[in-house]
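Undergrad: Here's the letter readout for the chains.
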Amino acid sequence: MLLDYSSSLHYVLALLPEAVLAVFGMWVLLAGVSRRRSGGLGKETGWLALAGLLVAGVANGWLYSGVAEGGTAAMIAVDRLRLFANWVFILGAGFAIVIALPYVARQRLQAGEYYSLVLFATVGMMVMAASRDLMLIFLGLELMSIAVYALAGYNRRDRRSAEAGLKYFLLGAFASAFLLFGIALLYGAAGSTNLHAISEALSAGAAVEGLLGPGLALLTIGLAFKVSAVPFHMWTPDVYEGAPTPATAFMAAAVKAGAFVVLLRIFATGLDALHADWSGILWWVSALTMVFGNLVALVQSSVKRMLAYSSIAHGGYLLVAIVAANETAAAGLLFYLLVYTVMTIAAFAVVVSVGNQGESGNRIEDYQGLGARRPVLSICMTIVLLALAGFPGTAGFIAKYHLLLGAAEASLWKLAVILALTTVVSYWYYLRVAWYMWMRDAPAEGRPTGYVITPFATRVALVVSVALLVLAGIFPGAALEMAENAIRGIMYVAPQAGAAGL
Amino acid sequence: MTELLAATRYEDWILHALIWLPLAGAAHVVASSRERAKLVAFGWSVLVFGLSLGLWWAYDPGDGGFAMVSSATWIEPWGVGYSLGLDGISIFMVLLTTLTSALAILGSFEYVKTRRRAFYSLMLLLQTGVVGFFLATDVFLFYVFFELTLVPMYFIVGIWGGERRIYAAVKFFLYTAVGSLLMLVAILYVYFASDTGSFAYDAFLHAELSLREQLWLFAAFALAFGIKVPIFPFHTWLPDAHVEAPTPGSVILASVLLKMGTYGFVRFALPFFPDAAQHPAVVSVMLALGVVGIIYAAWVAAVQPDAKKLVAYTSVAHMGFVVIGIFALTLNGLQGGMVVMISHGVSTGALFLLLGMMYERRHTRRIEDFGGIGRVAPLFATAFVVTALASIGLPGTSGFVGEFLALLGTFERYPIHAILAASGVVFAAYYMLPMVQRILFNKLDKPENRAFAELSRREIAVLGPLLALMIWIGVHPTPLLERMEPSLLVVLEQVEGGGAAAGADPIVSAAPSIGAEWGNPAD
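Chains as they are written, first to last, in the working numbering: chain A, 1 to 502; chain B, 1 to 523.
No lab work stands behind these hints: they were computed from the structure. Predicted model, so just to flag it, every value in this text is computed and none were measured. Don't take each hint at face value.
[What the hints assert, rightly or not] Some but not every residue of chain A turned toward chain B, in silico, with C-beta under 8 Å:
no.	residue
1	Trp47
2	Leu50
3	Val58
4	Gly61
5	Trp62
6	Gly393
7	Leu404
8	Leu405
9	Glu409
10	Val417
11	Gly477
[Said to hold, decoys possible] What the simulated footprint calls covered on chain A by chain B, stretch by stretch (three residues with Cβ under 8 Å from a Cβ of chain B suffice, anywhere in the stretch; the number is not a length):
no.	stretch
12	70–83
13	187–193
14	274–284
We put the CB at the ideal spot given by N, CA and C, even for glycine.
Sequences are here, hints too, so could you generate the full structure?
TA: Here it is in structure tokens:
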């Protein structure tokens, strides 16, 4: 059917997945309260949340398969970009909930609120991805952020978790202010908060020059904070390390994906005419993020913190696609987000298991000799690490290659070389986990080795994600095509990057 | 034989089988029991070797182009194909791989005692990667296989290796990765420059690139392959990896993995960037590095107390001959380089197997711990001497044919380099013969050595084929040379025909390669 917003029902239909998920979020919240009265562990609320994601997924599928939109200027986009991004969010949230089930129960966290916060954050991301209007984007961003602040500080009994929550909240609020100020200035410059209108005003030269620069700068800072790009990344390692591990997985995967989709939407469709202005800045941000994230990850002794820095590095790779700003790079970005979400959550699933469904086994030494003790878990982790490193045979390679292809098409050769070389750096710290697992014997007597707890649901999630990573690494055709379709026709003007050559 | 092969439509399926059967074998090994793992792995590798032997008769040199080609779409949006082909260069690499893999697996029966299923499945996985690399005629596919070989080798060295195994494994991995990732960027550059939207080998051959571009791209390819070969000064990972690797790992590393580097030069770097490959600066640098590698490695080898490290350095020296043979860009030089590659694969592989047998018996690799072995184990000593002489390059052994041709080919154009490199043959005797003397002859003054066991039947079966090959290639190399000649001529034609713009104004782009006349294997 065609959505042209001629009746108010169309608005509801256009936002169907978000609406469904929001309803489930509230349901889970209420169910949690009543469950706690009866003294249960609250796993049911987790399953209820998963059911909500499933229904939202069905709604998303309905929009994906059978709905067209009237134009490309409406506030709510019903385009493939949004719907593809929704798949990523739903997948990420689903996996994050599955690996949270045993953790939340074992750590005696309040289950209902936890899962409903995950759902609300997901709704926020979906709203962000759906909006073609800066105000609506801000709304979605705040909905997501506030839920995630709470998730980061969710374990009140743990000092580091509380610290993570507070740190994230204070800095995040600051970044939101930057973003809002940037939006205000852009509105002043272009006379609209609608991205399509902004794009037209910019290409017509009708914008107020004096407000554009500061607006762009503030907007970039606000978004760079959300994707934890250097130099606005300071919060990331502490927050990722302090937050409960399943929440970290959710933040590192889905939240980052949401922020990148918005970044793509704003920069590649709204501010495309200013490509010459922002690409230079983002070039440096991207290069610094890749170099810094990878170099600092080298020296981490906690696997959780290493993954936090590696997620910063992955943000750097993704920024290359934003700088390149062509359809290949944008499709690469989406494909990368899909793969990245799966592999990040899979890696954290192992971290949660080795950490005894808590925070006790996150040091690299805790992985020593894991290959002999838990061979299947270790094989899964090895494949996930290879995927994170972007090694051929895994989807991580196809994704990274896709980004390189986009960079090459835009003749960003220096950035491509930086990406390649920092990838080599990343091999070191990913391989380090592998060699602790396989090449060192388990510690001798005297050092207690904790239990490794991998419940059935986590195992299923892990095996499914590893299978997906390998399958998409060997036969990426279908997923690539989906990502390409998601991008087709999104960009109002295809920006021409300067041919730099060698 | 030919009729039999034709009757089974051998040419249609053999290349796919050679790549994927080892993978099936790896799966079978994982599923089998701990005790049977080695037999299962050996069975599969023998099956693959047996099948690959048919190539010798089935391959018709003809005009030297790719034979048995098959092509399918793999990743359609990017123009990536699953394309395979065999020519007079890759056939030898494939046969060498299938042979040494089977022998390395047989030779590791006593050496590998832990986690056997993992070990043998990794060995077979490695074989898939290597054979795929040699057979790929799609640049993307080639890159994937190139990288794919790293992971099994990393674990083979890192899990079953010696004291400093982790250091050696990571060093091996990172060194190779630096080169290959930069090569990936270069591959993308050529992909966009060729403007055909395809990663097919031919598309890359016909990309129009200016001399300046070619030099940069050649540098990226040369770094990747140069580290793999390894060319001095990128060789430092090799002694570590060789010394720490378990015997079968060393054998595969020396016999096959190093050849991926030199093969990469002949197959990809030279034909893709003919102007750069002929550029005087490039040629003089590569020749100089080759010569330095030969002499330097020989001197370093001469003072090693560890026999395995000594042999590791001889690899660097031998590969130096391959490098000068290739970059002399004469038919003799290329043929010589190819024969050295084969000969080195056979003789150094055998040396590592022999050292492994010594280590299994005495748990030491230090030369001074041995002495007088020839008296207690004459068969072992015979095998050792023949192999060492083949490694030195004594006339009548495979080493002589290769080094002689490589030097001859180099002398035609660069006499001074050839003369300097020839001194390496003398040095080879200088480092190899004292080792032979100290291990096999001298006095039998250490009581442990009196119990040095003679070769078992399994060990004879491992060494026999290799010794036979050393002699056969040394005495009658013509069947090899006539099979590789047409394909090498094609490479020469691609390089020299495409080199019209060499030395010309760097801004003017190169004339289309003569390689255009070469039949498109996809036709």
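Undergrad: Hint A:Gly393 vs chain B: min CB-CB distance below 8 Å?
TA: holds (6 Å)
Undergrad: Classify the hint on A:Gly477 as holds or violated, based on whether any CB of chain B lies nearer than 8 Å to its CB.
TA: Holds, about 6 Å.
Undergrad: Closer than 8 Å between Cβ atoms is the bar; does A:Trp47 clear it against chain B? Give me holds or violated.
TA: Since the shortest Cβ distance to chain B is 34 Å, the answer is violated.
Undergrad: Holds or violated: is there a CB of chain B closer than 8 Å to the CB of A:Leu404?
TA: holds (6 Å)
Undergrad: Holds or violated: is there a CB of chain B closer than 8 Å to the CB of A:Gly61?
TA: Violated. Min distance 23 Å.
Undergrad: Once the shortest beta carbon distance from A:Leu405 to chain B is found, is it less than 8 Å?
TA: Hint on A:Leu405: holds, closest Cβ of chain B at ~6 Å, below 8 Å.
Undergrad: Interface hint check: A:Trp62, Cβ to nearest Cβ on chain B, cutoff 8 Å. Holds or violated?
TA: violated (27 Å)
Undergrad: Against chain B, is A:Val417 within 8 Å by beta-carbon distance?
TA: For A:Val417, the interface hint holds, since the closest Cβ of chain B sits about 6 Å away, which is under 8 Å.
Undergrad: At least three residues with a C-beta closer than 8 Å to a C-beta of chain B: is that true for the stretch 70–83 of chain A?
TA: violated (count 0)
Undergrad: Restraint: A:Leu50 near chain B, CB-CB cut 8 Å. Satisfied or not?
TA: Result: violated, 33 Å to nearest chain B Cβ.
Undergrad: At least three residues with a C-beta closer than 8 Å to a C-beta of chain B: is that true for the stretch 274–284 of chain A?
TA: violated (count 0)
Undergrad: In terms of beta carbon proximity below 8 Å, does the stretch 187–193 of chain A have 3 or more residues touching chain B?
TA: With 0 residues in contact (Cβ-Cβ under 8 Å with chain B), the coverage given for the stretch 187–193 of chain A is violated.
The structure does not agree with the numbered hints 1, 2, 3, 4, 5, 12, 13 and 14 stated previously, though it agrees with the rest.
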